[in-house]
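A.B. asks: Sequence:
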Amino acid sequence: MSDEIERCHASIAQMRRTSTEYLAELIDLRIRLAQAERRAQIASTAYDQQQISYRELEALYQAAVERALAAEARIARAAT
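So my numbering is basically just the index in the sequence shown, starting at one, shifted up by 5.
For the record, the hints were derived by calculation from the structure and aren't laboratory data.
All residues carry an ideal CB built from backbone N, CA and C; glycine is no exception.
Check each hint, because a few of them may be wrong.
To be verified - Quick list of the computed label-pair ranges, beta carbon to beta carbon:
{"id": "1", "residue 1": "E9", "residue 2": "L34", "range": "34 to 42 Å"}
{"id": "2", "residue 1": "E63", "residue 2": "Y27", "range": "50 to 58 Å"}
{"id": "3", "residue 1": "A51", "residue 2": "R21", "range": "43 to 51 Å"}
All chains should be modelled from the sequences, with the hints used to inform the complete structure.
C.D. replies: Here it is in structure tokens:
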């Protein structure tokens, strides 16, 4: 009977160790997932800002082209 009790205690100790290891691994995975989600959010925000800057730059370029075309038209009219 004593051997059986010893085996039960050893088995319980092993289960506790295994549970602790799984819990530690789960915590590590959750931390890594949170870090990956944070990096993804930063990348998404950076991409959005880049797209906004691109649209603003494109609008400025379009306005400059329109002003240049209007100036060329005025020059052409003045030359005739």
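A.B. asks: For each hint, tell me whether it holds in the structure or not.
C.D. replies: These are the hints, each one checked on the structure:
no.	hint	in the structure
1	E9 to L34: 34 to 42 Å	37 Å, holds
2	E63 to Y27: 50 to 58 Å	53 Å, holds
3	A51 to R21: 43 to 51 Å	45 Å, holds
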